[in-house]
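K.L.:
With the hints as a guide, bring both chains together as one complex.
Chain residues, written in single-letter form:
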Amino acid sequence: MLLLQLLINGIASGALYALTAVGFALIYNGTRIFHIAHGAVFTFGGYALYLFAVPLGLPWIVALPAAVLATAGFGALMDALVYRPLRKRGTGPAGMFIASIGALTFAQAVYALVFGTDTVNLRQGGLPTFDIGEVTVTAVHVIAAIVALLVFPVLQLFLSRTRWGRAIRALADNPRLAVVRGIDAERLYILIFALGSALAGLAVVILAFDLGVRPDLGFTVMFVALVAVIVGGVGYLPGAAAGGFLLGVTQNLSLWQLSGRWQDVVVFGLLLAFLALRPQGIFGHMLVTRRV
Amino acid sequence: MNHTARTAINRLVIAAAALSAGIGAASAQEPIRLGLAMPLSGQNGDYIKRYVLAGHELAIKEQNEKGGILGRPIKLFIEDSRNDGASAVSALNKLINVDKIKAVFSIFTPVVLPMLPIAEEKKVMVFAPSVEHPDLTKSRWAVRMTPTAAVNGTLVADQAIKMGMKTAAILTEDNEAVRVSVKAFIAQFEKLGGKVVGDETFKNQDTDMRGQLTKLRAARPDAFYFNAPSGRPVALALKQISEVGFKPKQIFATHLIEDREVMALGASMAEGVIYTAVATTPEFNQRFKAAYGYDADANAGKHYDSTNVLFEAIRKVGSDADMAKVRDAIYNWGEYKGTLGTFRFTGSGESRVLPILKIVKNGKYVRYEP
Numbered sequence: 001m002l003l004l005q006l007l008i009n010g011i012a013s014g015a016l017y018a019l020t021a022v023g024f025a026l027i028y029n030g031t032r033i034f035h036i037a038h039g040a041v042f043t044f045g046g047y048a049l050y051l052f053a054v055p056l057g058l059p060w061i062v063a064l065p066a067a068v069l070a071t072a073g074f075g076a077l078m079d080a081l082v083y084r085p086l087r088k089r090g091t092g093p094a095g096m097f098i099a100s101i102g103a104l105t106f107a108q109a110v111y112a113l114v115f116g117t118d119t120v121n122l123r124q125g126g127l128p129t130f131d132i133g134e135v136t137v138t139a140v141h142v143i144a145a146i147v148a149l150l151v152f153p154v155l156q157l158f159l160s161r162t163r164w165g166r167a168i169r170a171l172a173d174n175p176r177l178a179v180v181r182g183i184d185a186e187r188l189y190i191l192i193f194a195l196g197s198a199l200a201g202l203a204v205v206i207l208a209f210d211l212g213v214r215p216d217l218g219f220t221v222m223f224v225a226l227v228a229v230i231v232g233g234v235g236y237l238p239g240a241a242a243g244g245f246l247l248g249v250t251q252n253l254s255l256w257q258l259s260g261r262w263q264d265v266v267v268f269g270l271l272l273a274f275l276a277l278r279p280q281g282i283f284g285h286m287l288v289t290r291r292v
Numbered sequence: 001m002n003h004t005a006r007t008a009i010n011r012l013v014i015a016a017a018a019l020s021a022g023i024g025a026a027s028a029q030e031p032i033r034l035g036l037a038m039p040l041s042g043q044n045g046d047y048i049k050r051y052v053l054a055g056h057e058l059a060i061k062e063q064n065e066k067g068g069i070l071g072r073p074i075k076l077f078i079e080d081s082r083n084d085g086a087s088a089v090s091a092l093n094k095l096i097n098v099d100k101i102k103a104v105f106s107i108f109t110p111v112v113l114p115m116l117p118i119a120e121e122k123k124v125m126v127f128a129p130s131v132e133h134p135d136l137t138k139s140r141w142a143v144r145m146t147p148t149a150a151v152n153g154t155l156v157a158d159q160a161i162k163m164g165m166k167t168a169a170i171l172t173e174d175n176e177a178v179r180v181s182v183k184a185f186i187a188q189f190e191k192l193g194g195k196v197v198g199d200e201t202f203k204n205q206d207t208d209m210r211g212q213l214t215k216l217r218a219a220r221p222d223a224f225y226f227n228a229p230s231g232r233p234v235a236l237a238l239k240q241i242s243e244v245g246f247k248p249k250q251i252f253a254t255h256l257i258e259d260r261e262v263m264a265l266g267a268s269m270a271e272g273v274i275y276t277a278v279a280t281t282p283e284f285n286q287r288f289k290a291a292y293g294y295d296a297d298a299n300a301g302k303h304y305d306s307t308n309v310l311f312e313a314i315r316k317v318g319s320d321a322d323m324a325k326v327r328d329a330i331y332n333w334g335e336y337k338g339t340l341g342t343f344r345f346t347g348s349g350e351s352r353v354l355p356i357l358k359i360v361k362n363g364k365y366v367r368y369e370p
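Protein chains in written order, with this note's numbering: chain P, 1 to 292; chain X, 1 to 370.
Okay, chain X solo, but in the shape it has when bound (with noise of 0.2 Å):
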C-alpha cells in the first residue's frame, strides 16, 4: 500500500471515528424537556388523547425523526392534570420541580388560568392553544393559537344577523371562557338589531338539558346558538333537540362538532348546522389521519402549530437555557405559516388565527358559503 493510499484510508478511519463520535455526542445529549399537563382523565380525557395530546405526539415525532432540535432529542413528561385548578398547579409543579421542564402544554381555562403565576415565577412557558378566554395572553409567559372567545361569539352573531335571524337563544356550558364568547354575542347581536329571547346553561357533568331545550323552545327563536368546551355536550344537545321539538331556523355551534362523539350519536342530526373553526391545512390533516387512522379536528392543528413553533424558536435562540429568549422570539416572530394556515405574532402570545365558518353539508364538514 502506498503512502497515499494509507493517508486516504488514516483519514477516511478518522473521519470515521469523528463522525461515530459526534453522533454519539448528539444522541447523548440532554434532551429538551417538555412537559404536557391536562385532564387525561374524567369526560374529556379521551377527546384529549384523540386529538390535543395525538397533535403534541405527532410534532415531537417528526421533530426528533430529523434529529431534534439543535441536535437534541425531545423528551415529552405528561401529567394528568384532571378538570381542576388545584390538580393542574400539583401537575406543574411536578413537572418543574421533579422533570425540570422548559415549557408546558394544556388545555382548558379552569386548567390553565391557576398555572399562570407559577410557570411565570419559574419562567416557563404555558401553551394553552386552544384556550379562548382573554385574560390567558394578559401573562408574559403564555401563548395560544386560537381566535379568543369574543372573536368567535361575534362572528356567529354577524352571521345570524346576515341571515335575517332576529331573535336567538343560546344554551352554553356554564364555564367562564363559554361565557365570555356568549357576553360577545350577545352584545353584537344586539348591536345589529336582533334580540336574545333565552339564555341557558348547563353543568359540566350534565348530560340531560331537555329542560333548559324546553325552556328555550318556548320562546321560539330563529337561531339558537349551542356552545360547550367538548364533543359530548354537543352530540346529547342536538339528539335533545330534536326530542323535546325544538326547531330554530338555525343552530350555529362551535367546531367541536365535528368530534366523533357527534357522529356516533347519528350525523343526521348534525346536518346543516353552521359552527366556528379554524382551517387546518389539507396536508397537515392527511399526516394525520396516516399517523393516527383518523381525521384530525382543529383543536389538534392548533397543538400541533403551537409545538412546532417553540422547536422553530428554540432553533433560533440556539437554546433553551434562557426560555424568556425564547419567549421574545416567539413573541416577536411575525407572520408564521403553519398547519393553521399563515397567523402572526405581533408583541405578546396573542397568535392572530383568524376563525372561518363551517358548515355540516350531507355529512360532511365543509367551509360555509353563503
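For reference, chain P alone in the conformation it holds in the complex (with noise of 0.2 Å):
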C-alpha cells in the first residue's frame, strides 16, 4: 500500500515537473535560447496569482487563469526585454545563457524586495483529500495530474494541426528557412514564450495554492524540469513530458527503501546515467523525423 501512495504522490509531483518541463523544452526548441529564466516566470506566477486572489480578492474561478495568462504575458515580455534586443546584436547561445541567469538572478532579487523572503500563503490549512482504502490523494493531485494529461494532447493537436503550429515547428526544424518561406520569427518567439511560460503558469497556479510562494520557488522547479528535458530526449516535446513524470515517480518511489536525504542523488544520478548511458534521452531517436 506504501508503494503505491508513493507512487500516487509521484504522478502528481511528476505532472507539475513535466508541465514546466514541456514549457521550457518548447521555448529551447522554438528559439534555441537555453532559457534558465524560465524559473523567474515561473515564480512571478505564483505572485500573480496571490495578488488576484489575495489583495483584490477575486474568486479563484478567475485569479487562477489571470494567473496564467499573466506568467503568459510575463514570459513574451521578458522576450521583448531580454532576448530580443541580443538577438538583434546577433548575440550567440552563450551570451544568451548568461542574459538569462542574470534575468533569474534580478527577477529573485526584485521578488524579495517586493514581497519578502518569507513564503506568501494563498490559503489556510491542509489540503481537501480523498482516501481510497488506504490511500489518501489530496484534491490538488488530482487536479494536477488530469491538468497535465489534457494539456499535453492539446498542445500537440495545436502543433500539429494549426497554422501556428505548424509555423513553430517550421521555425524549431530550421530558422532560416522558415524566415525565407516568409515566416515572421520575431512575432513567433513573442507566441512560443507566452506558450511555454503559460505551461509554467498551469504548474505554479497549483503549486503555490498548495505551498504558498516564495522568490526561490521556480529555481528549485528548474532544476528538475531541466534533468527532465534532458531524460526525456532534449528537442522532443513528449519526451520532456515523459521526463517530467519519471522523474516524480523516481523520486517518491525512492523513498520506499531510501531516506529523503537521497532524493536529489536519485535526480541526479538517474541525469548522469542517462549522459552516459542514453545522451539522446528516452525518445531521443524521435529526432530524426521531429523536433517539437
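It should be emphasised that the hints constitute simulated quantities derived from the structure, not laboratory data.
Counterexamples of contact, computed for chain P against chain X with all Cβ distances above 12 Å:
hint, residue
1, Val62
2, Arg169
3, Ile183
4, Glu186
5, Gly269
6, Leu270
Calculated from the model, a selection of chain P residues having no Cβ within reach of chain X, i.e. all distances over 10 Å:
hint, residue
7, Phe34
8, Gly57
9, Leu58
10, Pro65
11, Gly73
12, Leu86
13, Ala145
14, Gln156
15, Trp164
16, Val179
17, Asp184
18, Leu272
Here are the simulated SDA-like pairs of lysine to any residue, each with C-alpha atoms no more than 25 Å apart in a straight line:
hint, chain 1, residue 1, chain 2, residue 2
19, X, Lys183, X, Asp199
20, X, Lys203, P, Gly269
21, X, Lys337, X, Glu283
22, X, Lys49, P, Ala109
23, X, Lys249, P, Leu2
24, X, Lys75, X, Gln29
25, X, Lys203, X, Gln43
26, X, Lys289, X, Ile356
27, X, Lys249, P, Val135
28, X, Lys195, P, Trp262
29, X, Lys247, P, Ala139
30, X, Lys195, X, Ile359
31, X, Lys75, X, Asp328
32, X, Lys166, X, Ser242
33, X, Lys316, X, Gln63
34, X, Lys61, X, Ala279
35, X, Lys100, X, Asp322
36, X, Lys247, P, Leu253
37, X, Lys183, P, Trp262
38, X, Lys61, X, Ala290
39, X, Lys203, P, Leu7
40, X, Lys203, P, Thr105
Beta carbons: idealized from backbone N, C-alpha and C, even for Gly.
P.N.:
Listed below in C-alpha cells is the structure:
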C-alpha cells in the first residue's frame, strides 16, 4: 500500500515537473535559447495568483486563469526586454544563456524586495483529501494530474494541426528556411514564449495554491524540469513530459527503500546515467523526423 | 552685583561649560563597534530580521538611550552572511578588517562554525545565542544562550516515554545541529525502552514532505518528533501531516512552532503539539511587542540577552580594548539574570540555560504542565 501511495504522490509531482519541462522545452526548441529564467517566470505566476486572489480578492475561478495569462504575458515580455535586443545584436547562445541567468537572479532579488523572503500563503489549513482504501489523495494532486493529461494532447494538436503550430515547428526545424518562406520569426517568438510560460503558469498556480510562493520557488523546480528535459530527450516535447513524470515517480518511489536525503542523488544519478548510457534521452531517436 | 553673586555666576558658567564639554566628549567618543553576520536574504531572512536582528537592535537601542556603555555609543555593523559558510567567512572578514568590530552576532551552525577559526585568530568574540551544536563552545571565543541540541532531544524523549509512547518516528531537516538533537532523542528513547520505527530527513529548500510523511505513517508510530531550524518547514509539515492522514498519538516539535508562519497556515494544525523552548520574562515580551508590534519568540530573547551580557562585561572590564578580558569576564560571570531567567556561566561560553516544555493549547503557547 505504501508503494501505491508513493506512486500516486510521484504522478502528482511528476505532472508539475512535466508541465514546467514541456514549457522550457517548447521555448528551447523554438528559439534555441536556454531559458533558465523560465524559473523566474514560473515564480512570477505564483505571485500573480497571490495578488489576484488575496489583495484583490478575486474568486479562484477568475484568479487562476488570470494568473496563467499573466505568466504567459510575463514570459513574452521577458523575450521582448531581454532576448530580442540581444538577438538584434547577433548575440550567440552563450550570451543568451548568461543573460538568462542574469534575468533569473535579478527577478528573484526583485521578488524578495517586493514580497519579502517569507513564503506568501494563498490559503490556510490542509488540502481536501480523498481516501481510497488506505491511499490518501489530495484534491490538488488530482487536479495536477488531470491538467497535465488534458494539456499535453491539446498542445500536440495545436502544434500539428494549426497554422501557428506548424509555423512553430518549421521555425524549430530550420529557422533560416522558415524565415525565407515568409514566417515572421519575431512574432512567433512572442507566441512561443507566451505558450511555454503559460505551461509554467499552469504548474505554478497548482503548486502555489498548495504550498504558497517564495522568491526561489522557480529555481528549485527549474532544475528538476531541466533534468526531465534531458532524460526525456532534448528537442522532443512528449519526451520532456515523460521525463517529468519519470522523475516525479522515481523521486517518490525512492523513498520506499531510501531516506529523503537521497532524493537529489536519485534525480541527478538518473541524469548522469542517461548522459552516460543514453545521451539522446528516452525519445531522442524521434528527433530524426520531429523536433517539437 | 556683589562679589559673592559674581563668583556664583562664574562658577555656574564654568560648570555649564564643563558639563557641555563633557557631554560633547562622550557623544564624540569612538563608538563600541559590533558586527552582525546572518542570513538576511534567502528562506530564513525575514524570520531573522523579525526576531533575531530585532532582539539585538532592541538591546542596543535601549543601551544607547541610557547613554551607551562607558559613555560610548554602540554601533552595529550588519552583513548578510547568506546561509553558507564561505559567505559567512567573507562577511566576518569584512566586519573585522573594514568595520573594526570587537564582537559578532550570528546564527545557524553552518554559518557560525566556519567563522570560529578567524574569530579566534583575530580575537573577536562570536555570539551565537541560538546555535545548539555542541562544537560551538569548544571555541574559547564563542558564547551561546540556549540549551544544546542534545539536551532538547533528551528532554523530548523523556517526555514521550512518560506519556506512555512505545514507538516514535522522526522527521528532521538534514542539518548537523538538528541531527545532534535527533541522535540524543533516539539514544534516550531507546535507552528507556522505546523503539524508533522511522527516521526521515528533508533538505533545507524542500517544501513537499508528503513522501517522507507517507512512509512514516506506514510505520504507525505513537510519537512523532519534528525538528527544523526555521518556522516554514514546521508549518508545512503540520499541514501535510493532516493531508497524508498521519495521526500519531502525540507530536513533538521545537519552539519554532511559535513562528507566525505556522499561524499563517492555520493555527488549528498546531493544536496539542508539545515542544521544547526556553522561557522569556513577560516584561521582555511586553517591551518587545511595544517596540515592534508583535510577540517575541524564544530566539528574540536569547539574542537580546546575549547583547546585554556583552554590554555588562565591557562595563565590568572598563574597556573593549582587550576582548580576551571581556571574554573572561563573561565566562566567569557566574549567575546572570536576564530575559531568559537566571542562567550561569561557569568557565566557558556555555550559559546553562535550561529548556522547558510548552504546548499549543486553544491556539495559545503555554507552559506544559502534565
